[in-house]
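Trainee: Could you build the full structure based on these sequences and the hints that come with them?
Going line by line, the protein sequences match chains E, V, C and G. Sequential numbering from 1 applies to the first sequence in my numbering. Sequential numbering from 335 applies to the second sequence in my numbering. Sequential numbering from 669 applies to the third sequence in my numbering. Sequential numbering from 1050 applies to the fourth sequence in my numbering.
I should point out that these hints are in silico values taken from the structure, not numbers from a laboratory. There could be a bad hint or two in this list.
[What the hints assert, rightly or not] Restraint-style ranges between C-beta atoms, simulated for each label pair: (1) C:1013 / G:1332: 48 to 56 Å; (2) C:806 / G:1303: 58 to 66 Å; (3) G:1092 / C:951: 57 to 65 Å; (4) V:562 / C:806: 46 to 54 Å; (5) C:767 / G:1344: 46 to 54 Å; (6) G:1092 / V:359: 52 to 60 Å; (7) C:957 / G:1332: 57 to 65 Å.
[Said to hold, decoys possible] Simulated coverage check for chain C against chain G, where a stretch passes if three residues somewhere in it have a Cβ under 8 Å from a Cβ of chain G: (8) 690-701; (9) 897-906.
[To be verified] Covered stretches of chain G, as calculated for chain E (at least 3 residues, CB under 8 Å): (10) 1256-1263; (11) 1384-1392.
Note that beta-carbon positions come from the ideal geometry of N, C-alpha and C, so glycine has one too.
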Amino acid sequence: MTTVALKPATMAQALTRALRDAMAADPTVHVLGEDVGTLGGVFRVTDGLAAEFGEDRCTDTPLAEAGILGTAVGMAMYGLRPVVEMQFDAFAYPAFEQLISHVARMRNRTRGRMPLPITVRVPYGGGIGGVEHHSDSSEAYYMATPGLHVVTPATVADAYGLLRAAIASDDPVVVLEPKRLYWSKDSWNPEEPQSVEPIGRAVVRRTGRSATLITYGPSVPVCLEAAEAARAEGWDLEVVDLRSLVPFDDETVCASVRRTGRAVVVHESGSFGGPGGEIAARVTERCFHHLEAPVLRVAGFDLPYPPPMLERHHLPGVDRILDAVARLQWEADN
Amino acid sequence: MTTVALKPATMAQALTRALRDAMAADPTVHVLGEDVGTLGGVFRVTDGLAAEFGEDRCTDTPLAEAGILGTAVGMAMYGLRPVVEMQFDAFAYPAFEQLISHVARMRNRTRGRMPLPITVRVPYGGGIGGVEHHSDSSEAYYMATPGLHVVTPATVADAYGLLRAAIASDDPVVVLEPKRLYWSKDSWNPEEPQSVEPIGRAVVRRTGRSATLITYGPSVPVCLEAAEAARAEGWDLEVVDLRSLVPFDDETVCASVRRTGRAVVVHESGSFGGPGGEIAARVTERCFHHLEAPVLRVAGFDLPYPPPMLERHHLPGVDRILDAVARLQWEADN
Amino acid sequence: MTVMEQRGAYRPTPPPAWQPRTDPAPLLPDAEPYRVLGTDAAAQADPELLRRLYAQLVRGRRYNVQATALTKQGRLAVYPSSTGQEACEVAAALALQERDWLFPSYRDTLAVVARGVDPVEALTLLRGDWHTGYDPYEHRVAPLSTPLATQLPHAVGLAHAARLKGDDVVALAMVGDGGTSEGDFHEALNFAAVWQAPVVFLVQNNGFAISVPLAKQTAAPSLAHKAVGYGMPGRLVDGNDAAAVHEVLTDAVRHAREGGGPTLVEAVTYRIEAHTNADDATRYRGDAEVETWREHDPIQLLERELTARGLLDEDAKQSARDAAEVMAADLRARMNQDAVLDPMDLFAHVYAEPTPQLREQRDLLRAELEAEHADQEGTHR
Amino acid sequence: MTVMEQRGAYRPTPPPAWQPRTDPAPLLPDAEPYRVLGTDAAAQADPELLRRLYAQLVRGRRYNVQATALTKQGRLAVYPSSTGQEACEVAAALALQERDWLFPSYRDTLAVVARGVDPVEALTLLRGDWHTGYDPYEHRVAPLSTPLATQLPHAVGLAHAARLKGDDVVALAMVGDGGTSEGDFHEALNFAAVWQAPVVFLVQNNGFAISVPLAKQTAAPSLAHKAVGYGMPGRLVDGNDAAAVHEVLTDAVRHAREGGGPTLVEAVTYRIEAHTNADDATRYRGDAEVETWREHDPIQLLERELTARGLLDEDAKQSARDAAEVMAADLRARMNQDAVLDPMDLFAHVYAEPTPQLREQRDLLRAELEAEHADQEGTHR
Ligand SMILES: Cc1ncc(C[n+]2csc(CCOP(=O)(O)OP(=O)(O)O)c2C)c(N)n1
Ligand SMILES: Cc1ncc(C[n+]2csc(CCOP(=O)(O)OP(=O)(O)O)c2C)c(N)n1
Ligand SMILES: [Mg+2]
Ligand SMILES: [Mg+2]
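Mentor: Pasting the structure below:
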């Protein structure tokens, strides 16, 4: 076994690398969006692509999100694989009619004759001190739209793998990129050969016996931290990173919950009508007799995302997660 | 007690009456939308309003939903109470940025200084043989947007009462009008003095002991029918009509479920990421130890709304509801 | 030079360097709609083309009448007739080459059929057995679909993609006067102009968006005047003059194919029937207005011209009518057959592979149907 | 006559009755941006006004500099500077009467302050202690907010409502060149024209939308040319010439107030600084371009004019600078104080009354904060 020099890369860099590799491998892959060309995107995820592949492959569009996604539909109709960047979560809303009424439905509408292999990249979530409209967690909207796949990475390796898988998919995929993890690093090595995992598989990030934290995206590191802190309380928490919200990996999630008998869903998105309701409901449907307590949810509050100076009160943190774990009716246990 | 001649009115007529009464009572109430003036709306809900109150009060707009809702925001800023009609569910999507980023947030953004008393009427749901994009159940999107109230009537009286309450509310309210109930009639009497109930109260439409069907809007009559049919199987089903999705009446719902120990959520909207997940999750959180079985969901399938000739397979019907009731682990009971 | 490079640019410059990029004058439409029939220009028109247009107009009118009849017989859920607008519908299809793409709006079944799509398959959406009945790639016709103006950016994207690939393909996108008010109209035209995409936008200004008359839709001198705001030429044409619409569209298509960029064409026409069979037009307009437009009927205009020039005799007329009848009889016969439906199709095309969740739901429906079937079998015995 | 009645109407008519509703010629902008300073028109300008504009420009520039400095000191999350665009910012505020409304875009803090809003309250959004810091009704200034072009339909609705109520209130709405590409821009201008709403749209064409230059945003002869497609007049003005911008806006406001309907004004200017303090403009533009625009600085232009005409001596200049310094010192001092925040405010204004669900969540946070507080108390002892 040869030792390879580890080159830590950020999640943003891994995403750039995924785009670059996809564009190099397949000339039909085109990137478009606001400021994606010369500037390389406001988060620099498309950095260098216009220089390397030309402006026809990585294109600065006029400032109009419905227009961006709508033209991407037409490009996909003609055999291209557009990768669209929405500059921020809240700025994807103008494109919702195109997304819901066309992107998600074209394959079905045409009995499979006109698939739309479009990737929609959406930097999402808070924790970066963004002003109003720059920190939304909008995954509930995407999840409620049949015809879309929805993925969200929590590690640098998954950022690469999921984006590659999204671009390779013949279906439209919404890639929710956790803004506050853009600058995170782990042991991912861009120099090693990369594997592209299929979309739809959750992964157990930490094994444990007492209860399962079901989470994804920006809340994964928080849950791992909470699991560490929980040891002091005598709890051994398992952490499941969903990675893919659609399709949903019932198997991995339920296997964990059946083992631990208790679960808390953790996400940043609002609680009411948010992803946690679906997750708690489906876990309960499938694991009812294994549950020692109801599946609880720790989520953002049900309010418009707070201003930067108050966001820490909104975001699910370690303490709030541990408080929820404490409410999992332990007395009933032994 | 004098006997009053009963004048059966349709739900559409009750909505018209609510608009008329609101406009007569308050000169700041303005109706706007596509075809709402001379034509009286494609469902005739605004019939006669332009003639009675003038085109300045009931206005045909250009064909642009974001423009309609966006100008309504400005009108509300100046002290009017706009009632906006979106012609069909799917044609509200172009207005989603205005709805999510402004309508739902203006009060909070301005610390309560600039409330927006806007009513957004959305004819929704299927069962009327509508072609693609004319039968969406889009309530999941509205529920996931803090700052909005979301109501949906199932009876003629509630259609009147909820729309009046929505217009009277100082907050934005989305009124989801079940298209296939527009022509339904019951004993509502337009000649009697009307009461306007506060938003946020569910109601038990049918009492029962075996299990609770939690439902709303177009699925209420279906659930009542299922409850009748269930008697043959020996089940005595309670039916709760939510009426208001936001705020959610946990009290009424949980009181029922605690009594019956079993529940099925029924709605037409897709299952995954739909309202049922939230409802099942919150009921389970609150009533866990009263539950004999997991809260089940009977909902539309997770696909783009089907073409008219196939919609009956998609819509939750009596049989599918009874099948779910049968799965409520009765063996475990006695 | 890449496709994206601009050949000049409007960029703010301080004085004295100020220079607008494009001369607006050539972009402005004429004050009056362009006409061929009954004018001197008619002499230049190709007789063969005029006869082809005539046969298609007759066929188109017959199709509208037949489809409307099918709604009354319950064979079609709804039909938005284009009676009175056949010249636009037919010319749009005929102005294109085979390799080009048509992006219809929901009222444009005729254009779809004129492009070669099977007349029954074109009605699938409105019949209700599925959404899109035809293979969009077979005749290069985008799906008929109802969200207004949303097809316009699709046309731009497709045309742009074709140009990037080096194919000289043009997209022609249709929209109504009402649809021009939507944001998607604006965004599509702007993208097209900035990218110099080979697209032709055809606005059929038929006076109404359901019940809303044009005066409540726009205050512009004409819809074609919108073109200058995007930096593309705007053309105004009499939409009931098939020769004129055909000529203007053919020019615009050629211009686009040659790299000249997009054009906005406004065809002034009128919706003779109600919005759809379900609409009651008497609620918002008088007969007198309809009558003045009946006098300006696209078929009669062309027939008069052809007859005056001795290009159309009774035989030719009769054979156009006969061909239309054959089409109508076939349409009627085939639409009277019940559609064969498989409810399992609901799950087949949501994704390339159904998700595990959808497979569960599919199994549920299959079990239900089998139980239903067993019940019926039981009843039959 | 109701407000909604049209005074004429473009409606399709068959020949020979064809008549476009509006003459397009008067709607078209001039080929060159209108200028006052350094031209003969300057002689007509009111010296008092010019001096007021000057003082405001100096103050505005100082505000931009100070706010940018505050970002470096971590006192402001982000600041999009309008340095170089002060003439537009100031003229927009000064063209309005007290009863009128201003609808700023996210870069327009200066216009908001020039209208009378407290300089600190105007920065709340960018400081991050809340979203809107000022009471919109106090100075009739709509909230500063980032979704581009979405404020334009608000302005139209407000102006329309005022007109319906019989108030002679005008709304002035600001947007960037990039923002004109959004569907909301289109829909707002169309509604305004159809309703003849008293609105003035001011596009600050500063050459860029973040990194995207105008040539990738539009192919139009100018952004002002878009006006004709809505049936409103378009005006092109040198955005660095405060006297010209003020005159054009004042005319447009008067026109709107008198019932003449909306106007689209394009002010040609330049963003001297990067998009925000977080942006690196060297990635997409060269210094040379910035330098040519520095030569055309709005303050210098006005100063030159005033000096040449003997309307501004050293004393007057100094007193403008002094007033600006006082404002800046106050801003600095107050921004250096920590904002006082109550996390419970999160729940106070989502609805008129918090829902039961929100009350539960509020109680949760309160308990958490109390526990935190108790912990800290414990630690302190
Ligand atoms: C986005 C959207 N909003 C509303 C509708 C409902 N609708 C269907 S047709 C129509 C009028 C269309 O008018 P126009 O564009 O002039 O086309 P025409 O019907 O005259 O062919 C409306 C409002 C729709 N289909 N899509
Ligand atoms: C709907 C929307 N899309 C994207 C953005 C992100 N964004 C913020 S500023 C900006 C550029 C704006 O350019 P322009 O309108 O010219 O205004 P300027 O910055 O030049 O003042 C963009 C793309 C946004 N704020 N809103
Ligand atoms: Mg029309
Ligand atoms: Mg700009």
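Trainee: Please list, smallest to largest, the hint numbers that this structure does not respect.
Mentor: none
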